[in-house]
Structures are given as C-alpha cells and as structure tokens.
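J.: For reference, the chains in residue letters:
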Amino acid sequence: MSTQSPLESEVAQLIVESLNLEEVQAAGIDPEAPLFREGLGLDSIDALELALAISNKYGFKLRSDDENNKAVFASLRALARHVEQHRQN
Amino acid sequence: MNLPLLGKFSLDRTLAFDRVRSTTAAQFLADVAALAAQLPARAHVLNDCADRYHFMVGFAAAMKRNQVSLLPSSRVEHVWRQLVQDYPDSYVLTDQRDVPAVAEVMFFPPLEAGESVDLATPGFPEAQLAAVAFTSGSTGRPKPVLKYWGSVAREAQAAGTRLTLDPGRAGAIVATVPPQHMYGFLASVLLPLQFGHAVTRERPFYPEDVRIIAESSPVKPALVITPVQLRACVLERTRLPPLSFVLSSAAPLPSAVAREAETLFEAPVLEFYGSTETGAIASRRHRDTDSWRTFDGVRVRSHTQGFLVEADYFREPVVLSDVVEILNAREFRLVGRDSDLVKIGGKRTSLLYLNQQLQELPGVVDGAFLVEEAKDDREPRLTAFVVAPGQSRDVVLAALRTRIDEVFVPRRLWLVASLPRNAAGKLPREQMLKLLETELAREAASGNT
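From first to last, the protein sequence lines stand for chains A and B. First residue of the first sequence? That's 1 in the numbering used here, and the numbers climb one at a time after it. First residue of the second sequence? That's 90 in the numbering used here, and the numbers climb one at a time after it.
Simulated from the structure, these hints should not be mistaken for lab results. It is possible that some hints are incorrect.
[Unchecked claim] Cross-link-like lysine-lysine pairs, in silico, BS3-like; alpha carbons within 25 Å at most:
{"#": "1", "chain 1": "B", "residue 1": "K232", "chain 2": "B", "residue 2": "K432"}
{"#": "2", "chain 1": "B", "residue 1": "K309", "chain 2": "A", "residue 2": "K61"}
{"#": "3", "chain 1": "B", "residue 1": "K309", "chain 2": "B", "residue 2": "K97"}
{"#": "4", "chain 1": "B", "residue 1": "K232", "chain 2": "B", "residue 2": "K515"}
{"#": "5", "chain 1": "B", "residue 1": "K464", "chain 2": "B", "residue 2": "K436"}
{"#": "6", "chain 1": "A", "residue 1": "K70", "chain 2": "B", "residue 2": "K523"}
{"#": "7", "chain 1": "B", "residue 1": "K464", "chain 2": "A", "residue 2": "K57"}
{"#": "8", "chain 1": "B", "residue 1": "K523", "chain 2": "B", "residue 2": "K464"}
Please build the complete structure, drawing on both the sequences and the hints.
T.: Dropping the structure here:
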C-alpha cells in the first residue's frame with residue numbers, strides 16, 4: 001500500500017467520520033484502492049452522504065456530470081485530487 | 090374499455106426535456122410509432138433505458154405491440170438471469186452500455202418518423218397487461234406483480250387528482266427516481282403522460298444536479314424525490330428554484346426533513362404511501378398530519394390476514410405488508426412493519442431473501458443478515474455473519490455482489506464459526522446483536538482494521 005499524503009489522510013478521516021465506518025481506520029485506507037464496491041464497499045447512499053461532508057468542509061458541490069464522476073470516486077487518491085482542484089476553503 | 094395513452098391536452102405540450110432539448114407530445118407519438126415498428130416480435134421486453142424519454146417511448150411502443158414491459162428492481166446480473174428463465178420470450182431494450190448479457194439486446198435506435206405519421210393517440214384495453222414489477226417474494230425469488238393498463242392509468246389519474254394536477258395546465262416534473270421503480274413509473278412516466286407534464290430525461294443524483302436540472306425546467310416544476318435525497322438537499326441547503334410541490338415516496342420521510350424542506354423550498358411537501366403490489370394508494374402532508382388519506386376510490390380495511398386494500402381499479406384486493414391503524418373510512422396511520430422487511434434507499438427486500446442469497450453461495454455453510462438501525466434520520470444498514478470455512482471475506486462479498494443490489498451488500502461481513510441458532514433453528518435478533526458485540530470486542534482487542 002502506498003502512503004497517504006496529508007490531504008489524503010484528511011479526506012480519509014472525513015470518509016470514516018461522515019459514513020460512521022467505526023470499523024475502518026482512516027490511516028488504513030489504501031489511497032489507490034477503490035472506494036466503492038470492492039475496497040471500502042461504499043454505495044450510492046454513501047456517495048450522497050460523502051458529497052454533503054465534502055460540501056461542508058471544502059465548500060464545493062459534487063455533480064454527476066463532473067468530468068467523470070465515477071473517476072472522482074475511483075479511489076481516495078482520485079477523490080483527494082478532485083478536492084485539491086475544486087476546494088473553496 | 091379502452092383508456093388512452095395520453096390525457097386530454099394539446100399535442101404541442103412538452104412531455105420531456107433536458108438541458109438542450111424538449112420533446113412535444115406529437116413528437117412522442119411519432120417516436121412511439123417508429124419504435125413500435127422496429128421492436129422484435131417477442132412477448133416481453135425488459136425496459137432498461139436510463140433516459141426517461143427512451144423508457145417512455147419504449148413502454149408505449151411495447152404496449153402498441155401488445156408486449157409486456159418487465160421492470161426488475163435492480164440491474165444485478167443474477168436477478169436478470171432468473172428473470173429471463175421465468176420469461177424466456179423476452180429481450181432487453183436499453184440505452185446503457187454496461188448491460189448484463191443475459192438475453193438478446195436491442196439498443197434504443199435513432200428514430201425517424203415514417204412517411205405518413207399517425208398522430209392519433211392510441212388507446213389500450215384496461216385488461217391489457219402493461220408491465221410486470223417485482224418484489225421480494227417469500228420463496229427467495231422475486232415475486233412478479235402484474236400491472237394492467239386500466240389499473241396503472243387510473244392509479245395515475247387518482248394520484249394526479251390528489252396532487253391537483255390538471256391536464257389543461259402545463260406543468261413540469263423533475264424526478265430523481267428511476268422509471269423502472271413503481272414510484273418512478275407512476276410519478277415520472279404515467280403522470281406526465283396522463284396530465285401532459287414535461288419530465289426530466291435525466292436522473293439528477295446529487296443536490297447540485299437537482300438544482301441545475303430544476304433550473305432548466307420550462308415551467309415551474311414539481312420535485313419527485315426520495316427521502317434520502319431530500320434530506321441531502323435540506324442539509325446542504327440547496328438553492329432550488331421555485332417549486333410547485335415536493336413529492337417523496339419509497340420510504341417514510343422523517344418529519345424533521347419534511348418540515349425543513351417546506352421552509353427551505355417554500356413549497357408543500359407531500360408524501361405518497363404505497364408498495365409495489367398496491368401502487369400508490371394514499372398521501373399526506375407532514376406539516377398537517379401524520380395520518381394517510383386514501384386516494385379517491387381506494388379503501389383500506391382490516392381483515393383476518395391483516396389489512397386489505399381495495400380500489401375501484403384493482404382486479405382484486407391486495408394484502409398490505411404493513412400494520413396500520415384505521416382512523417376512519419378515508420384515513421389510516423402506519424403502526425409497524427413486518428419485521429422481515431428490509432427497506433434501504435427506497436429499495437425493498439426481505440431478510441429471508443437476503444439470507445437465502447448468502448446461504449446459496451459456494452463454500453458458505455450458514456449465513457444471516459442483521460439490520461442495524463441507524464441514527465440521525467439515516468438509512469438502516471446491514472451487517473452479515475457467515476460460516477464459510479476456508480473462504481475469505483472478500484471472496485464471499487464479491488460473490489454476494491453478483492446476486493444482490495449494492496444497497497443490500499452488508500457494510501460489514503463477519504466470518505464466524507457458527508451462528509447462534511436456537512433449538513427451532515431460528516436466529517433471535519437479541520442473539521444476533523450479542524454476536525455482533527462479541528465480534529466487535531474481539532476485533533478491538535486484536536487491533537485489526
């Protein structure tokens with residue numbers, strides 16, 4: 001597993017807290033593993049919850065027609081990159 | 090008796106729109122005629138179209154050819170495979186690339202009107218079988234629910250009347266729900282057809298999608314949404330354009346969400362109550378009451394088997410899966426649910442069905458699901474325990490994913506030596522909760538993630 005960058009750790013923490021993943025340790029999330037289905041096993045309800053947490057923390061809103069929404073949630077690394085590019089705060 | 094496909098409104102009326110185009114009722118009829126001429130000669134069509142307009146054209150064209158639309162509640166390959174076994178004379182009509190390869194596939198074609206376009210609105214006999222919906226059965230296989238044209242068309246009229254829709258007045262509907270789900274089928278396919286409302290082709294998912302699409306609506310829209318998504322819009326304080334009303338269904342709307350949505354969006358927030366078997370049968374406005382008022386022509390009464398719903402447009406009474414308290418001839422209150430039912434994200438199944446799917450996996454000796462009730466108006470989530478010597482958690486989960494919808498895939502799957510079955514072979518919930526506690530404690534002690 002490759003190591004998490006500081007922003008990746010922060011986003012990992014946000015995922016664990018906003019989705020109540022008590023059994024997952026944020027530091028243990030592989031930045032390159034898929035977040036949905038295999039990997040963390042998140043689903044569409046989680047996606048809504050996570051979008052809300054991202055909007056509150058980083059001040060931008062996720063959209064389905066973002067270049068490729070699937071790619072945004074492909075991994076912790078991809079999500080952190082998207083946050084980096086779009087964050088307002 | 091025949092009932093027309095479209096209500097009484099001008100064929101210039103817009104029936105569907107997205108951000109770049111809108112389609113009139115006249116164009117719709119031409120497209121229906123063109124597609125009907127191209128459909129293969131089969132008895133059943135699995136309508137998998139994601140674009141709501143494609144779905145509508147596909148549904149109507151199938152009706153014209155006397156073909157029955159199959160509406161499975163998920164796109165899971167295992168479910169489709171069973172469906173095709175049960176309905177061998179079927180094909181898939183789709184506009185999606187990632188279609189499970191279980192039967193002949195027809196991709197929604199580009200449509201061009203023929204030489205002489207017949208713009209007469211078709212009518213269909215009330216007794217024509219229009220669609221088959223599916224619900225969790227007691228046998229471990231989805232149970233088919235037959236939807237006749239007379240029932241669905243008249244259900245739409247009753248529902249639209251309750252919403253004070255008027256075919257003489259243009260309106261629009263922004264819908265987040267899929268047309269294949271009974272709630273989406275009613276509110277985003279049949280209501281537009283019967284009342285001449287323009288419906289969104291796309292399915293907005295995030296609150297921001299809802300906002301953008303609502304802003305592209307040709308006239309002030311109604312919002313047809315699920316409780317999970319409405320809650321997200323409320324928490325995010327999405328700045329939606331003026332709405333005529335908000336309609337929620339598929340799962341009970343928490344009263345706090347309903348109240349806040351009324352304030353935030355300055356529109357009435359209404360809920361429909363129903364099920365796959367009954368269709369929508371009653372409504373309420375949370376601001377005013379927690380009891381449900383039946384649609385015109387619908388009655389609920391107690392019966393030896395539980396509660397029966399009767400409607401002028403039902404072929405036979407339907408037994409409710411919920412327990413209700415009857416207040417008077419028109420109103421009832423929900424008291425409880427059959428404890429075997431599992432509802433997450435507007436999708437319904439039963440513990441029995443889920444357990445069977447788990448137990449049928451290769452290498453699995455025993456297995457059971459547990460519903461963990463959620464807090465803060467969130468959805469309940471599932472945990473599962475499995476006895477599968479020599480198997481890994483990931484292998485079991487991957488196998489399970491091919492059989493059940495993603496919302497029912499357990500958040501946590503525990504490999505255990507045995508399940509706490511009692512002498513009767515049953516798994517009391519208290520015992521399952523204890524098992525969960527034990528496993529959580531064991532995990533914490535071992536420091537694993």
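J.: Hint by hint, work out which the structure violates, then give me just those numbers in ascending order.
T.: 6
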